[in-house]
Each structure stands twice: as structure tokens, then as C-alpha cells.
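Knowing the structure of chain A, use the given hints to seat chain B on it.
Sequence order for the protein chains is A and B.
Sequential numbering of the first sequence, starting at 1, is according to our numbering.
Sequential numbering of the second sequence, starting at 1, is according to our numbering.
Heads up, some of the hints might be wrong.
As the list claims (entries may be wrong) - If the Cβ cut is set under 8 Å, some of the chain B residues that face chain A in the computed set are: (1) Ala13; (2) Lys15; (3) Thr358; (4) Lys361.
None of these hints come from the bench; they were simulated from the model.
Keep in mind the model is a prediction, meaning the values are calculated, not measured.
Just so it is clear, CB atoms sit at the ideal spot from N, CA and C, and this is done for glycine as well.
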Amino acid sequence: MIHSLFLVNASGDIFLEKHWKSVVSRSVCDYFFEAQERATEPENVPPVIPTPHHYLISVLRHRIYFVAVIQSEVPPLFVIEFLHRVVDTFQDYFGVCTEAAIKDNVVVVYELLEEMLDNGFPLATESNILKELIKPPTILRTMVNTITGSTNVGEQLPTGQLSVVPWRRTGVKYTNNEAYFDVVEEIDAIIDKSGSTITAEIQGVIDACVKLTGMPDLTLSFMNPRLLDDVSFHPCVRFKRWEAERILSFIPPDGNFRLLSYHVSSQNLVAIPVYVKHNITFREGSSQGRFDLTLGPKQTMGKAVESVLVSSQLPRGVLNANLNPSQGTYTFDPVTKMLSWDVGKINPQKLPSLKGTMSLQAGASKPDENPSINIQFKIQQMAISGLKVNRLDMYGEKYKPFKGIKYMTKAGKFQVRT
Amino acid sequence: MLDSNKDSLKLEAMKRIVAMIARGKNASDLFPAVVKNVACKNIEVKKLVYVYLVRYAEEQQDLALLSISTFQRGLKDPNQLIRASALRVLSSIRVTIIVPIMMLAIKEAASDMSPYVRKTAAHAIPKLYSLDPEQKDQLIEVIEKLLADKTTLVAGSVVMAFEEVCPERIDLIHKNYRKLCNLLIDVEEWGQVVIINMLTRYARTQFLNPNINVNEDEDEEEKEKNAEAPAMAKRKPYVMDPDHRLLLRNTKPLLQSRNAAVVMAVAQLYFHLAPKAEVGVIAKALVRLLRSHSEVQYVVLQNVATMTIKRRGMFEPYLKSFYIRSTDPTQIKVLKLEVLTNLANETNISTILREFQTYIKSMDKDFVAATIQAIGRCATNIGEVRDTCLNGLVQLLSNRDVVAESVVVIKKLLQMQPEKHSDIIKHMAKLTDNIQVPMARASILWLIGEYCEHVPKIAPDVLRKMAKSFTNEEDIVKLQIINLAAKLYLTNSKQTKLLTQYVLNLAKYDQNYDIRDRARFIRQLIVPTEKSGALSKYAKKLFLALKPAPVLESPFKDRDHFQLGSLSHLLNAKAGGYQELPDWPEAAPDPSVRNVEVKDSVRAVGTVTFRDTGEEERKPERKSKQRKSDSESESDEEESESESSQSESEDSESEAEIKKKKKVLILRPYLNIKTTKHSCQFSFISFQAAESKPPTKPVKKENKKEKKEMSLLDLDDCEYFRLCTLSAVKVNIKVITFTSAYLCPVCSTEETKKPPILLQVQKFRCPFRKIIRIPEMSLSLFSTHTKKFFVSIQPPVGELMRPIFLTENEFKKEQGQLMGMNEITEKLTLDANPPVPPPDHPIHRFAGRTVTSSSLVLVTVATKEEGAAQLTVNCEKMLIGTMLVKDILLALTQ
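Excised from the complex, chain A in its bound form (with noise of 0.2 Å):
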């Protein structure tokens, strides 16, 4: 399947490599970097490129593409699944996934690699597993380690993957035994010129950080669970339960996780927390163009409208933009043509406003397009469908765990025409 990865920075160096079969050049990269140059924009590289002998399937995270080489038919979702869970593992492992990060740490990468495929078929990528296989770098532990000359290989074998439950690993144990769920509901939507709603969804997450000791069994329930229109469930949900009962029932990993993801369904009104007025003009002529932005709270439930972003990729033909925001600051980036003004909260007594003048390149005529402008907000305490969770239940284990319930709105793909 996977033969062999690459890891190429955003200058083009391959800074790791690594096979499970036969050794593969490393020229076999300059097919894609031939697809790099082609493409203007770094996230516009085919995922797919073919050659002659091979097949490369990239993805980009964290400006480091991660480059599959494959040599016969396999679906490609299958290879661009598995280069993401070890994008997450990187990140898991080390914080980031960084250039520096791996070279860091290339001996824990390579033996992490090495644990996650088997002659390219997927092995082990549930990241409780491979934390026992290998545990992951600390500053103390490094430290001990060079000191003590100890490993950062786990001394016992992984039980985990014989286990009925391979997400958790046996024998776990706290002091203080805590559940916390948090709701995460993200708004995509996009709102033409004049204001109304072209698209509107949410689509929302559970995320969950359990630690408690043990074995425990564990039910969630929703007040109103008819709003979730489509999930997808980790693993570790039992499917039958929730298509009966509608209850989420599991055994969790211990650590953090992603309990559940779902979609709201569209039958719902969204309601949408802000709104824009916006006026940006290019006069005919003249080097010269309008900027003024406005933003305001609407739908909002009575909370605050927090750590609001918004950015705008400005045409081409804008050398420079003057403005003058009431709250706030702005940065306007000359080269990339990116304008973008930290708001912070939106206080509804004195709306926040961003206006001034833009100066366009002399001579040249007046740009046809309007820039469309992404918003970026979160809410706390509030999840825009609704949704609430009902209780949360332990059985299979004596004690009594802490729980917690966290609800949280966020602007996902916000984007307002202009």
C-alpha cells in the first residue's frame, strides 16, 4: 500500500524520508515539486499527482507536506486518512508539527513511523496504543533520560491492541476522577451582499477529556436529541444503542478525544450572531477607494460576541489601505494583499467600525471584483442550535467522578459577500 513517505518543508527540502518496502529514490519527489511550482498558492498542489511509476498523494498541514509514495491501486482517502492521523499523532506527541518539531525528535517519528504502518498497511494509529509503545517526549523525561540513561520506549509490551476495547488501556488510574465534555458548535454560512443568508449550517463537535480510573462505562444523554441530524461517532460508541435510544453510550479512551461530531439539520433557521454593513468602493479613475465596515451583534441570546477576527483579501490592485478602526487594530499586509482587524468583543452600545481609504496602483483601472470578508467569533456559554446535554451517567466503576459540561459558538467558514 503506503510505500514510502516524504516530508518536504515550505522551501522545498526533503527533511525526512522514510520506507516500508524496497528503498524508492528521493527523485521521485521532483514530480511534485514540478506540481508545486504550477501551482500559484501552496494548498493548490494536486493531493493526487501520477508518475510514471509511482503515484504521490500529498497533504498539507502546518506548511510541511507529507508526501505518500504509492505504487498500485489503493483508495486515495485510505492514504490521505492515514497521513492526517499522523499529523495528529505528530501534534499530539510533540505540540506541534513543526519542521523543527521532527527534527527534534526524529528518532521518536521514525519509531512511531515505524509502529503505525507495517509494509504500508495501517498497524496501530489509535494514539492510546502508541503512547504505551512509546511514550511520548517530555522535558522531564528527556532530562531523566540523559541523566539515567533510561528510554522513552515503553518497557512492557502493548496490551491495548489485544484488548476488546483497543481505544483504552488497562489499569488506569486518578486521583481525581474527572469527565469534561466540551460543545463546540461551529456556523458556516454565507451572506450575500445585501445582507440575507445564502447558506447557513452548523455543524458541532463534542470533545471530551476523561479521566477516570478504571473501566467506566459511561451514557450521555441530550434534551433534545432530534436536532442532530447527521453523526459520526468515535469508535467507541455503541452504534445500536444511540439508533434506539438515542443515547450516546461508551467505554472512553482515557485522555482527550472527539466523543462526536454532528451536523444540525437544515430544517432549522440558523440564527446568525452578526451582522456587517459594509461599503467598499473603487471610483473609476481616480487611485482611490472607500472602505468602511461596520459590525454589529444580532441573534445573539443575550451574550457576548467575543474575540471577533475578521479579514478580507483585498484585489490586487490596492497598494495600500489607510484606515482608522474605532476599536481595535488592523494589519494590511502589501503582498499578499491580506487586511485583516482584530475586533476582540463587540460591545452593543458602541459598534465597532473600521473605515478610511484604500490607495489603488496609479494608472491602473478600477479592480472589477469585491473582496469577500471571512469573520471569525466565538460565543461562550451558548450552543446556537440548542442543543443541550441532558445527563451524564457512570456505571461499571464505584467512585464518583467530577463532571463538566462546557458549551461554546464559533464562526467556522463565515463569509460575507460584498
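Showing chain B alone in chain A's frame:
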């Protein structure tokens, strides 16, 4: 440092070496020094040595042999994980000399106690195969063995090995098909992908196309005209094979997987295998994947684009999910556009066009160009909006960035109905001064040439301008100038004769041979000379022939002959090792190959579906009525055969079970679905020669409107389920699916004209024999006339009795031995209409044997005058006897 005796130093050295390997530097010089450490105690050093060994062993085969003995020792370690890792490294060393050792190790590991080691063995198979393909036959044996494995851990890996080594040996799957379907949900996600893909191919070869009838409906009229008789014969109702249904049912929950590859695999399975009505379920899941990483989006959109061509309705509700955001990468935008275009129809075109209008203003020029082409395609596909689109595109002509693309699309559109649009052509003629893109210029020139009769004044003028700049044009434009000149010469030679001559002269000395050729050819053709042949007469016809309008179609058309979700599909080219998705078979291959011995399967999973001879029976019936009796006896024989074998295999177990429970369970009363028209009150069960008549009893009469259906259900011991038909009607069992709780055979009945005493016995095995409390069962019978009736039966746990043939003397002798405690006698009064048809035989005797304990059961019904009768049951098991008496009494007196 490697020679040091301190582990920490060794470790440090190994780390550096691994870092070198990672950077792609050659570290093979160190091979001897590293190999020495293979027996090192320190686990981390050991692991790193393994990494090194696997990387360089191929290059230094001789030295690598030094390490082999260490692994061989590891293979015998009591710890399963060490055994597994030794096998893993051993098989990863690509040294041809050790092939026999590897083979041996794999064979041994394949029968290891630990599933983890077996899994590793499965992984090792493709490694060995790639090293030495000659081992194939032996490896297939191992695969066959591992395929029969019942643990989820092994399933994924062995199917992967199967796919790499012998994907053509589909026959290996038969026996394991149901098991794989049932295990599927518990297999790890990567294995799921491989298994689903394999099962898709398998199902394509083994089951009938579920959409075959749908297609037939579409061209029904045609068929009726052509040949009514064969059409009628062909239009049998399609009933899905239960195994096919099983696959669809078991894969459906996987649409909810978090792994995009699994979702995609299920989606393609549904797309390729499910009946049309059911494919819709995958749309939602696929749309969900669009939220994922852009690479995932890319692949999913490619597949969605293919699906939308075939099944447009499926994605229509999700139209808005394909709207484009300015932040999407260009390749995603273009694919979304493709999907939107495919989804466009009369109802939603206005919304889509409005969206397109916003896209045209985008900054991304490639994307704008793609949008214009999309508009063009919408316009060709949907006649109503053609004019709107055209006008919109003409407006775009003022936009300098996209004008070229617009022109090309307009050209294609105009070709469809040129008469109406001469003003557009004029407008475009004006643009020749500004447009620089060669493709667009060529398109305009071609248009003017083609429709020069619509614009008689402008055309010569354009030619004049072009002639002036001829030398500076691109080749493609030059060719079109020559064409234009020729066409004008033919239609309007007075004005353009000189110009044409001039252009042709210029072309004669062009650098490009193509252009020179064209010029020479055209000169001969159109300019009349003395020598000019017959061709020039037809010049006008040649040049101004009506040309068919181009068809704008999706690049994704016809891509679905590749299996969706595969690499080949994505590239639209066959990738190495791609397995073609076979076409549906004309007739279903024998499904009984998937039957498995009961014991095994029961142990493997809680619920297994069994089906027996149903299929064999169905086939002969189709053929002719004469053969019916033959086929029946055949099936009867078969049945009894299998019955006996099964009962043998189960005897010990169930007996033990019964003993443990300390109760003998009752004989199951029979269920008779009565017909009203035929007013047959009683059903006979006769098996082969045995003349036995078990008591019958109408249990439930559901549907009084039911016409001619009569079946007798016989359930007992939860091992057998019988469905019998009598006389008037044959019942064909087409689909029977069992779950632990439900049993729903679907039957279709065919009427036969004269009711001969026909009996069909079909036997099904219920898998819930170990369940003490019987789950509720529902049985649904579907007749061809779409009259459905549902029967709910609550089968008590009982004993199965098999009728046996005894002569009267034997009967009496046996009866004599079963006197006393074993005899139960009961008096009863029969109705005026006695259940026993021939009234001149006053005593009826029935003999049978229980299947599990094969104890004899004798039933005597002695009739007397005026409906009085005496019932005697002799059985060595008293409980059974009492139960039987009760049941018979109940049946007879009702």
C-alpha cells in the same frame, strides 16, 4: 560507540544512525557494527537496530543473515508480542535466501494461539509474495486458513493479504462471506476499508443487479412491442438475495464512521450495489466529509461529481453545501462548480445561475474561466435559460480578464442556434481588435466564417484586418484566417477575391507546414483553374456544410466504470493493480456456496444467517411444470440429507442442553394459513413415502382476502423452520433473512392451474437455538400480487419430529413396547366434518421420531361413530407425549 558495552552509548549511536537514515544519507557502511547489536537486551536499541536492519538488509544480504537466528529464537518466545515482532522484522528483511524460513514461520504463526501473531502472519504474506511470487500457491493455503479465522483482529489484515496476493480467487471468500459481513463493524477502520472494497467486488460477481427491474420499467413499452412472451418471463419480481441484503445492512452504520476512507468505501459500495431507492443514504455522509481537510474534500468531490451524473436527485437537497467560498483552494472550487453544474435542472437553475454570477467576480481567474464554462454547460443542458446565459456571457465580453473564455463558450452556444443571434456575432467581430488570446480570436474568426451570410457586411472587413496582421498571429489563428478567407471567397467572391489571394500567398510562405499545406489545399479547391478537378465544384458544400453543434459534457461522464473511491477513478486511468469492477452476472451463481457448518458459525458470532436449499429449488421450478415433481423429490432428498447431517452434528450438543435444562420442550403446533376460497381446512404433511399426518391447527388467520395461499409452518426446537405449501399454490422462498430477533422470509406465490398434490418443504435454520426465551418472530409473506400478509408467530421451544415409515405390524410392535407410563390416551369428539379425510379407515396411525434424541413417537387416532374418537400417543419421553396430546387435542377439537 556501537562496540561499547554501555547501553546508553549504543543508544546514542543508534539514534544518530537513524537520524542519518531519516535524512536520506547512506549509512550502509555501518552494517556489520549494527547487526552485532541485534541481540542487545535494551529494547530501544533493539528497536532501532530493527529499523536499520529493515532499511539496509536488502543491500547487504549476506551480513543480514547473521541476524536471522535471533529472530528464529524470537519466534518461539512464550510472549506473543515478541513472537509477533520477530515475525514482523523477519518478514520485512528482503533477503531471498530466507524465503523458506519465512514461509515456515508464516505457516507456524498462522496457527498460533494468539490472534495478534496471526494478524502479523497475515501482514507477512504480501511481503513474502512480493519477495518471491513463486510461493503463491503455498501462501494461498495460508490465506485460506486465515480467512476462516474468527477474530476481528485478523480479518482486516488477511483480506488485505488476499487482495495483494490472489484477488482473483473469489472462491475463497464464499465460505467466509457472512462471517466477514457480520464482523465488519468490529474490525479496525483500516481493515474495514479493505474488506468493504473487496466485498463490493465480490457482490458484483455473486448477486443480481438490484436495479434490473427498474431499468426494465423504463423501456417497458419497447419490450411489450418487441416480444411479449419473453418479456413477461423476464419480468419476474426481483427479490434481493439475503446475503446481498446482509451486506448492505451491515455496512450502513459505518457511514457514521469518523474515518473518511471508511465512509467513502461504504458510499461506493452503496453506489455500486444498492437498489436505486436506497442509494440516497450516502449523500448525507458524503456531504459531511466536505467539512474535512481540503485533500479529503478533493477526493470526495471527485466522486460526488461522478455520482451526480448518474443519480442527480441524490444530492439535490444538499445543493447549498456545494456553494463556493472564496477561501477554497482553486481545485476544490472547480470541482464544486462541476457538481453544481451537474445538479442544475429546470427548477434550481435560477439559483445556480445567480451563484455563478457572484463567482464571475472572483479574483481567482482560473476559477472564473471554469465558471464561464459551467454556465455554457448549463445553457446547453437546459434550453430555457439558454438566452439568459448567452446575454450574460455577452456582457462579460467587456471584462478583459475572462473575455477569451467567454468567447469560446459563446461560440459553442451560438452554434446551436445561429439564426437568432447575428447581433452577437457582430458584437464579437468588433472584439477582434482587443482580444489577444489566440483561442478566442480563432473562435471569433471561425464564427464569422461559419455565419458570414448573417453578417455580410462585416465579414470582409474582418478579413481585411486579419490579413493585415496575418504574419503576427498564432498558428491556430492563421488557420482560421485561411478558413475564413476561403468561406468568404465562396460566398462573396466579388469583394474578397483579392484579399483571399493575398492571405493564401502569405500562408504559402509560412514557417508552419500545417499552414502551408492548408493554403495549398484551399487554393486548389476554391480558385478555379484549368486543371481544377471535380472537387472544386463541391467546394462550397465542403466548406459550408452544416456542422453539428458540439455537445458540452462533463469530464466526469463515464468515469463510473471505475470503482468509485479508487485511485484509478480519481486519475481516470487504470492504476497498477486495479481490479476491474465486474458487471452484474446474468443469473445468480449458486448462493449455497456461502453456507457454513452451523457449529462454527454459531461460535463465531451471535447471529448468523443460514439459508438452505431455497435457491436450488427455485431454479428448476422456473423451467417447466413437468419437471416439478422431479425437482421436488430432489430437494426433498437434499433436505433430508442435510437434515440428517445437521442433526448428527448437533445431537450431542442439544441433547446435553436439554438435559441441563431438565425439561423437554413441547412439540410445536403447526401454523396453517388457511385459504378461504379453497376452504381447505387441513393440511397434510407427507414426507416422501411416509404416510403421516401430523395434527394441524389454524393458528392465525390474518388476511381474509388472501386468495390461494396455503402454507404450513412448522417450527420447533428452534433449529428448523419450515414453510410448506400444499396443493394449489407453490410458495417460492426468495429471500429469507434471519437476525436473532427477526425472521422474515419473503415468498412469492405462483398459481398453478390444476392443483396436484404438491408439497414443497423448505427448511431454514434459526440461529437462536441457545436462547431460552424465544424472541418474537415475525414472518412476512409477500405474494406476487403484492398482497402482503404478516404473520406473527411466537414459536415455543420444542422438539422436532421427523416422520418415519413403519408398517402396520412394526407400528403395533413398537406400540406394544411403549405401554404403561409411556402411553397417554385421551378421548375426544370430532366435528361433523372430520379432519381425517377418508372416513372409511377408522384408525389412523402416525409415526415419528424426535430429531435430537431420536425417540419414537407414535400417534393413533381411532375414530368411532358420531365423531367420537380416541387419541393415543406413545412416546418414551412422557413430557413430549403429554404435550403432543394436548396440542393434538386442541387442534382437532377446534
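Hints versus structure:
With its C-beta approaching chain A no nearer than about 12 Å, Ala13 of chain B sits outside the 8 Å limit, and its interface hint is violated. The interface hint given for Lys15 of chain B holds, since its Cβ lies 5 Å from the closest Cβ of chain A, which is under the 8 Å cut-off. Among the interface hints, the one on Thr358 of chain B holds; its C-beta lies about 6 Å from the nearest C-beta in chain A, closer than the 8 Å criterion. Using the Cβ-Cβ criterion of 8 Å, the hint placing Lys361 of chain B at the interface with chain A is satisfied: the shortest such distance is roughly 5 Å.
The structure fails to meet hint 1 from the earlier list, while all remaining hints are met.
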